[in-house]
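Student: So you can see what is in the structure, the chains are spelled out below.
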Amino acid sequence: MVRLEKRANPSRLWSVATPVLAVVLTMIAGGILFAMLGKDPVAAIRTIFWDPLFNPQFAAYSRPQLLVKAGPLILIAIGLALGFRAGVWNIGAEGQYVVGALVGAATGLALYPMDSRLIFPLMVVAGGLGGLLWAMIPALLRTMFRTNEILVSLLLVYVAQSLLASMALGALRNPQGGGFPGSRNLSQWASSANPELVAGTGMHWGVVAAFISVIGAYVLLQRHMLGFSIRLAGQAPRAARFAGVSPTRLVIVCFGISGALAGLAGLFEVTGPAGQISLDFAQGYGFTAIIVAFLGRLNPVGILLAGLLMALTYIGGELAQFMLGLPAAAIQAFQGMLLFFLLAVDILTNYRIRWTKREAA
Amino acid sequence: MTGARALLQLEGLTKAYPGVVANSGIGFTIRAGEVHALLGENGAGKSTLVKMIYGLVRPDAGRMLLNGADYAPDRPATARKAGVGMVFQHFSLFDAMTVAENVALGMELPPPMRELAAQIRATSINYGLPLDPDRIVGDLSAGERQRVEIVRCLLQDPRLLIMDEPTSVLTPQEVDILFRTLRKLAAEGTAILYISHKLEEIRTICDHATILRRGKVVATCTPAERTARELAEMMVGTVLTPPARPAAPKGDIALEVNGLSAPSPIPFGTALKNIRLSVRAGEVLGIAGVAGNGQDELLLALNGELRCASDIVRINGKSIGHRGPRGRRHAGLVAAPEERLGHAAAPDMTLTENAVLSGAQRRKLVRRGFIDWRRARTFAEEIIREFDVRTPGTEVAARALSGGNLQKFVVGRELSQDPAVIVINQPTWGVDAAAAASIRQAILDRAAAGAAIIVISQDLDELLEIADSFAALNEGHLTEPRPVAGLTVEQIGLMMGGVHGMEAANGPA
Numbered sequence: 001m002v003r004l005e006k007r008a009n010p011s012r013l014w015s016v017a018t019p020v021l022a023v024v025l026t027m028i029a030g031g032i033l034f035a036m037l038g039k040d041p042v043a044a045i046r047t048i049f050w051d052p053l054f055n056p057q058f059a060a061y062s063r064p065q066l067l068v069k070a071g072p073l074i075l076i077a078i079g080l081a082l083g084f085r086a087g088v089w090n091i092g093a094e095g096q097y098v099v100g101a102l103v104g105a106a107t108g109l110a111l112y113p114m115d116s117r118l119i120f121p122l123m124v125v126a127g128g129l130g131g132l133l134w135a136m137i138p139a140l141l142r143t144m145f146r147t148n149e150i151l152v153s154l155l156l157v158y159v160a161q162s163l164l165a166s167m168a169l170g171a172l173r174n175p176q177g178g179g180f181p182g183s184r185n186l187s188q189w190a191s192s193a194n195p196e197l198v199a200g201t202g203m204h205w206g207v208v209a210a211f212i213s214v215i216g217a218y219v220l221l222q223r224h225m226l227g228f229s230i231r232l233a234g235q236a237p238r239a240a241r242f243a244g245v246s247p248t249r250l251v252i253v254c255f256g257i258s259g260a261l262a263g264l265a266g267l268f269e270v271t272g273p274a275g276q277i278s279l280d281f282a283q284g285y286g287f288t289a290i291i292v293a294f295l296g297r298l299n300p301v302g303i304l305l306a307g308l309l310m311a312l313t314y315i316g317g318e319l320a321q322f323m324l325g326l327p328a329a330a331i332q333a334f335q336g337m338l339l340f341f342l343l344a345v346d347i348l349t350n351y352r353i354r355w356t357k358r359e360a361a
Numbered sequence: 001m002t003g004a005r006a007l008l009q010l011e012g013l014t015k016a017y018p019g020v021v022a023n024s025g026i027g028f029t030i031r032a033g034e035v036h037a038l039l040g041e042n043g044a045g046k047s048t049l050v051k052m053i054y055g056l057v058r059p060d061a062g063r064m065l066l067n068g069a070d071y072a073p074d075r076p077a078t079a080r081k082a083g084v085g086m087v088f089q090h091f092s093l094f095d096a097m098t099v100a101e102n103v104a105l106g107m108e109l110p111p112p113m114r115e116l117a118a119q120i121r122a123t124s125i126n127y128g129l130p131l132d133p134d135r136i137v138g139d140l141s142a143g144e145r146q147r148v149e150i151v152r153c154l155l156q157d158p159r160l161l162i163m164d165e166p167t168s169v170l171t172p173q174e175v176d177i178l179f180r181t182l183r184k185l186a187a188e189g190t191a192i193l194y195i196s197h198k199l200e201e202i203r204t205i206c207d208h209a210t211i212l213r214r215g216k217v218v219a220t221c222t223p224a225e226r227t228a229r230e231l232a233e234m235m236v237g238t239v240l241t242p243p244a245r246p247a248a249p250k251g252d253i254a255l256e257v258n259g260l261s262a263p264s265p266i267p268f269g270t271a272l273k274n275i276r277l278s279v280r281a282g283e284v285l286g287i288a289g290v291a292g293n294g295q296d297e298l299l300l301a302l303n304g305e306l307r308c309a310s311d312i313v314r315i316n317g318k319s320i321g322h323r324g325p326r327g328r329r330h331a332g333l334v335a336a337p338e339e340r341l342g343h344a345a346a347p348d349m350t351l352t353e354n355a356v357l358s359g360a361q362r363r364k365l366v367r368r369g370f371i372d373w374r375r376a377r378t379f380a381e382e383i384i385r386e387f388d389v390r391t392p393g394t395e396v397a398a399r400a401l402s403g404g405n406l407q408k409f410v411v412g413r414e415l416s417q418d419p420a421v422i423v424i425n426q427p428t429w430g431v432d433a434a435a436a437a438s439i440r441q442a443i444l445d446r447a448a449a450g451a452a453i454i455v456i457s458q459d460l461d462e463l464l465e466i467a468d469s470f471a472a473l474n475e476g477h478l479t480e481p482r483p484v485a486g487l488t489v490e491q492i493g494l495m496m497g498g499v500h501g502m503e504a505a506n507g508p509a
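Top to bottom, those sequences are chains A and B. Read in order, the letters of the first sequence are residues 1 to 361 in the numbering used here. Read in order, the letters of the second sequence are residues 1 to 509 in the numbering used here.
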């Protein structure tokens, strides 16, 4: 009989090994899934994980895409992870991402066509603030009226999406766009553009911000009292109150940080890779970042790696759809398996498996 | 009682857990009609042994004989059927249900409610433990809840009744009543296995004692023929020195509480009602009370987890009632809550991190918001050294420590912060006698160094040993503090609320 036994100390080995094991298990189960769909599993796995980076035919296009896609995922996931560590559940990063982009873009467009190097930094600040303010709605409702922050933040995503549609069709619509929905192209206006910084890498200011956020979060959690309070509140809420951590303050700080980072991600996206506010601007980064945060075990360095891996499965998944004719649903199932296996093997960190003979009753 | 037939014989009982042998070759005999004490420090193996007798744990080796027949219960229901009942230290009762419903829940085939209620009434009066079957358990005092547990066992007509630390929730008067009940049971031929730390009680009530140390039987004796000191030394295996208390002049009032009332943040907790007290520098105020009479709430209100109007709590004349735990630590107040794991310490964090948890402010472990981990580790090492915490190192999760060692760490952490005021709830709960003595000594040393100290405890002997003045919490009220010198146990008992819910039997108290 298999029995789980709690470890006295969490296993360091397994906390590192479980993500790797989860990826391997996902490849195996995914391979079986692809084989059942009548595709060559080895070719499919290779197309997803190998070709985007190393196949000379595709790499020139897809390698920069890795950072373009990983940047916002990492930036958002870092903010979410801080909250998740503290037991504060912001599920609405997608909405904060959209509102950040809207507020930032609107700030820039209000100054159009002025020519100033201060416009882009101003838009960055406005984008962060937009996300932050949107996140304050669930945070304040939770602290003042004890509403459930999971529900409120999630539902506000749909509000944000409606707001996006109305802006793309209304206030922010390009007056010279011939009536098509969508704003002016911000990436083509020098004052607001968020260009590729090093040609062929996909590196833009959002990716830089993501890297900075990884380092910042790492230092915060390891060295700073706020990071300590966050970890304490998540692990032992009563001990946190004993230590003097204010739960109210923590909810507001965590929502503030995660909202601001999501807003920044939206702003960098709308001024760079996306280029404009449009109906299909929201790509689901805010939701995928939740997976990235957990895949990275809520650890900043882990999230960096998880963000890159997740981006790879996106790019590779698209490639596999295109090259092998795999259905999009199969790719999504594949990504879902990754989270599933991660959570399933995660138990090995805190528990060990014992094989015991069943005692005679 | 000697010469009575053997009821339960234990032979060579052994049980090992990973890394520790909890019981090794335990053998002794309990006779019908005797009150048999099982003595031992925490971790000596008492609970493992009792769990084997009650069918919660199966022994690795050895055997048990009940009335001469093989007895190997695989679960508590089997044990109960064989006539073995147990009253646990922590009650397994549902607050929202009536007494009778709770009793019915523990039975295999409960009789109809009305019949059961009549049985409960009859049995409880017969044994001098009056109980109203229709009352809601959530409204009962701890002593009355224990009565529910005992009556529940008695209805099954047990031949062996196991009682685990039964008096920790009782006032002295209630203890007397319990002892009368136990004597009546013994006279009827029921054997009682009585587990306790309280040596004076064991000397009063028990006919025989078996003493365990590190999982083995190290001695048997007749408790009445030994002094409490001798019993303690048999338990610990060394000679104990009582704490020394240098007489020190008392200073100015360090802590003042003026009319503190607060609702309880704990479900089914007790609200604090108009608490007034003051403690001088160098003074130890002992607060007694049966569990659940507001002790936890009082600690929360003093350490700042519960806030109040600023003037209600003053430290050295400064109003700090509106401040939270950090502000109060700055003002000089430290606190050690009763629950070590989860409240005083974060289970999954290392000892270094747990040192930061409450030591950050006074030990200046944080500079400009950044934690100085080297200083933190040094602080943790200091606590481990000075308070003899047994641990492989500072980078060990708190939950890996035994209860007693973690308690030494938690108390040591608070005492090492050069505090002006110290509040400790249950300083030596679950700690072995030697460690308890060293914790009490450390508390007295702090008092001698000029700290004002409040010790909340359910152990009266402990309070009388270390406190200068004494007060009792009873349903959220605090009695007027009185000097310990000259207090009698009867007076203390009355301060603690006398006997709860005995009006029916004894007339108005």
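These aren't lab readings, by the way, just hints derived from the structure by calculation. Small disclaimer: the values here were computed from a predicted structure and weren't measured. We put the CB at the ideal spot given by N, CA and C, even for glycine. Watch out, some of these pointers could steer you wrong.
[Stated by the list, open to error] If you want a taste of the chain B side facing chain A, the calculated C-beta under 7 Å gives, among others:
1) Leu277
2) Arg280
3) Gly321
4) Gly324
5) Ser358
6) Val366
7) Gly369
8) Phe370
9) Leu487
Student: Next step is simple, just say for each hint if it's right about the structure.
Tutor: Hint by hint, here is what the structure shows:
1. Leu277: Check failed: Cβ of B:Leu277 comes no nearer than 22 Å to chain A, outside 7 Å.
2. Arg280: Result: violated, 26 Å to nearest chain A Cβ.
3. Gly321: violated (15 Å)
4. Gly324: holds (5 Å)
5. Ser358: holds (6 Å)
6. Val366: holds (5 Å)
7. Gly369: holds (5 Å)
8. Phe370: Interface hint status for B:Phe370: holds (5 Å vs cutoff 7 Å).
9. Leu487: violated (32 Å)
The structure fails to meet hints 1, 2, 3 and 9 from the earlier list, while all remaining hints are met.
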